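A.B. asks: Taken in sequence, the protein lines are chains A and B. Just so you know, we're using the numbering used here here: the first sequence kicks off at 1 and counts up by one. Just so you know, we're using the numbering used here here: the second sequence kicks off at 1001 and counts up by one.
Note that these hints are calculated values from the structure, not bench results. Source: prediction; values computed, not measured. Don't take every hint at face value.
Unchecked claim - Examples of chain A residues lying across from chain B (beta carbon under 7 Å, computed): (1) ASN215; (2) ILE350; (3) PHE352; (4) GLY525; (5) THR550; (6) GLY566; (7) CYS650; (8) VAL814.
Don't be surprised by glycine CBs; every beta carbon is placed ideally from N, CA and C.
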Amino acid sequence: MKTVIVVGNGMVGYKFCEKFVSKVDQASFKLIVFGEEPRVAYDRVHLSEYFENGDAERLSMAPREWYQENNIELYINERVTDIHRNSKTITTLSEKTFNYDYLVLATGSSPFVPQINGVDKEGVFVYRTIEDLEDTLAYADKIKKTVEKPKAAILGGGLLGLEAAKAVMDMGMEPHVVEFAPKLMPRQLDTRSSKVLQVKLESMGINIHLSKATNQILGNGHVIGMEFGEDDVLNVDMLVISAGIRPRDELGKSCGLKMGTRGGIVVDNKMRTSDPNIFAIGEIALYNQMIYGLVAPGYEMAGVAVDQILGMEETVMAAEIDMSTKLKLIGVDVASFGIPFMPAEKGHSIIFENKTESLYKRINVSHDGKRLLGGILVGDAQDYNMLLQMYLNEMPLPKNPENLILGSRGGQDMSFGSAMDLPDTAVICSCEAVTKGQICCSVKDDGNESVKAISKATKATTGCGGCKPMVDDLVKETLKSLGKVIKESICEHFEYSRQELYDIVKLRKIEDYNSLLDEVGKGHGCEVCKPAVASIFASIYNETANRQATIQDTNDRYLANIQRNGTYSVVPRVAAGEITPKQLLAIGKIAQKYDLYTKITGGQRIDMFGAQLHELPLIWEELIAEGFETGQAYGKSLRTVKSCVGSTWCRYGMDESVTFAIDIENRYKGIRSPHKIKGGVSGCIRECAEARNKDFGFIAVEGGWNVYICGNGGANPQHAQLLAEKVDKITATKYVDRFLMYYIQTAPPLTRTAAWLDKLDGGIDYVKDVVINDCLGIADQLDSEMQYLVDTYKCEWKEAVENPEIRARYTHFVNAEDTDDTIEFVSLREQKMPKAWV
Amino acid sequence: MISILNTYEAVETEKVSLWFKAAPVQKFPENGGACVKYKGMQIAVFNFTREGTWYACQNLCPHKMEMVLSRGMIGEDQGEPKVACPLHKNSFSLKTGMHLNGDLNSIATYPVKIENDFVYIGFSE
């Protein structure tokens, strides 16, 4: 049995282990791993995520048990101090000795700390390990207690430095990035793109100082500032150094391996050092006179070393290593590929820059215009994967290569083909070296029909994750080529989407759930299809929830919102939030009589909680007598149209928002839809009604109303998008009529307008085409369908209290007059609330 | 609260010692449920018209201990008749009481018979 010792348990060291155990017969090799850090290998690339969730475990490449399961002897917190090449042994700090047949050095790098006077002061940190982060965090917490608005500098404006700036900002300190070079990310960006990135970062609160050589670090004991020139001082309370890396090559040096003049252990294309039994991989390996500080080449080196040790000598490192990178830096896309800066004698550059949108795109094209040589993307790197593939596979450029970065502007020339046009050998996931061919085969032959399944089977997307969109495309396209359609059936009882069911109900004029299930479904239904179909009936026939009560969700079945202890809340409509003192008194009187907890809702109306089932008709009878009608707070239907006071009272108002909001709320009240709908009307752009986070919103501007649609508060807030500008009320209403009707007919169940728009092919432009330009020729139909719903509205609570049969549903027991005696309330600020759950 | 839960124990048809005459069939909506009171207990009874069967179970949802199951929608999951709790959509088999979309405790189920248009629930005492 031969022994392989790996020194270093970082990302590349781990990758070596993973590849080794997957290829080797465990009886013939023994693998021993040493790591100097107190924890097993973790994903350093995503270190800043540690700030977001504080969960170090989540960053682990593999749990400790993994090493055990694969018979790897793992020593963490154990530094290897010496290599004795003659006896082929190593010794550790705790003076243990181990024999090896092959030694793999994967000790990585340490942060480079420049020799600046004062660099040893308290409050100066590096950014590399989880421990570094924890120390920095602890110091930041201490500073924050004594200093108001503390500042932190980051020395180094490279990739890691900017990541560190984000981390510092998350710690609650004002970040200042100090860079020696005249631009940010000097290795990846040209001057113009650096400028674009700088403007964007500054707008986010990150201060950038370029062309600064630090003379000394100021402070008595702890850092208080940095001095650049004589009168050029930046006061800071903390300093994080991120000025590049230095290979941790001391082991190689001390045992006499051949070294590079500026560090690094020299390796050949087999990853062998000057000693044939010792390999070096990752950031300590000097290959082609270069240290590669990226994950992908490190992983490739690990693979080469594994194969070499196992005798597969034909596996060697590529002569040229692709240094393309794409990352999301503080929410900003930054990518560079191929040759990012290119001298004019090699080719031409096509450059697009838009500072107001923080966009910069540059592609470098060969003189004959046929090949892509490289490029830089800032602000939008959506096309990175396609561009990289075109570059790597030397694919022919389209006739107008500017379309690659500007998109096709009219005409027939499509800029990109589909991902399927790539050759099978194209490497899609460069971290794990997975090709397009492998992914497509995995879909076709092994039935891995989702990104998740693909990533499990091939490991694609498990590295940096940048290839995910492309893998997703490949999976979908391959499935399509196999004739497989991803069917969006609503549940096991109907093999149709909601939209298909909607058309079936309408065309066949089916009016009840059982008939629909008998005609086009199977089985006996469930809690998914019943309310979905109920909603379709309501949208087509405007029938209230009273007719087919048992297919309604419980709230619709009892026309009230079920709350924590099985009691209900009651919400009368208060259109646009306008309410008279008399109405307020009436609500107050009724709430007091039935001992209801009252609260003003977010939709400008009043909610009364704690009503028992049998009380609902009694309460509503009184509300209706006072002139109220149902507010449909329980339904997947129009809730409220929120308004500001508008020009009637407000000195800034451009138009009467309350009147418009009342008209609109009364127009759409009672309309059932795939999910709830909320509206808003603001009298000016100050937007007090928050119309832009509603499903539809109107904002008064000089010369008319702006119409917005598909906004959302809730779990995934989304701003509404502009549908039309400066239109009159009638036009605005017509557009929203059509939009709502189109949404009602085409959305999947329980999908809000924002989520619906996200999935709609063509997005807002397509909605404009349908609603304004009538590209489908259905505008008249949508208009009349909406008008039918408006004309046939009736208050379903009035219907319920006046109909003895419906009213009889509101009893807790069918065989007793008693009420539910398990309901218990406790008092809360002079009102009541349900007793807490056990 | 736990004591409330313990008052409900499943009854098998052959062990029924008492058939409680609950209410006339028309009191129960088609393909829906209603709640019956029996000696301080609350029993949800479902008229599964599509199947032509009747089911009964405790009204108490074991998730948050609320008396609400009779107000839930009924349906079927791969042929297994079920009720979905109106509060959080936990589904329970109407035959076995098993929780179908999670691992809550099973609910107690009771036999039902119809005689002369009256609904009877079986208890063993």
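A.B. asks: Now tell me if each hint is right for this structure.
C.D. replies: We went through each hint and held it up to the structure:
{"no.": "1", "hint": "ASN215", "in the structure": "64 Å, violated"}
{"no.": "2", "hint": "ILE350", "in the structure": "54 Å, violated"}
{"no.": "3", "hint": "PHE352", "in the structure": "50 Å, violated"}
{"no.": "4", "hint": "GLY525", "in the structure": "5 Å, holds"}
{"no.": "5", "hint": "THR550", "in the structure": "3 Å, holds"}
{"no.": "6", "hint": "GLY566", "in the structure": "4 Å, holds"}
{"no.": "7", "hint": "CYS650", "in the structure": "42 Å, violated"}
{"no.": "8", "hint": "VAL814", "in the structure": "4 Å, holds"}
Checked against the numbered hints above, the structure violates hints 1, 2, 3 and 7; every other hint is satisfied.
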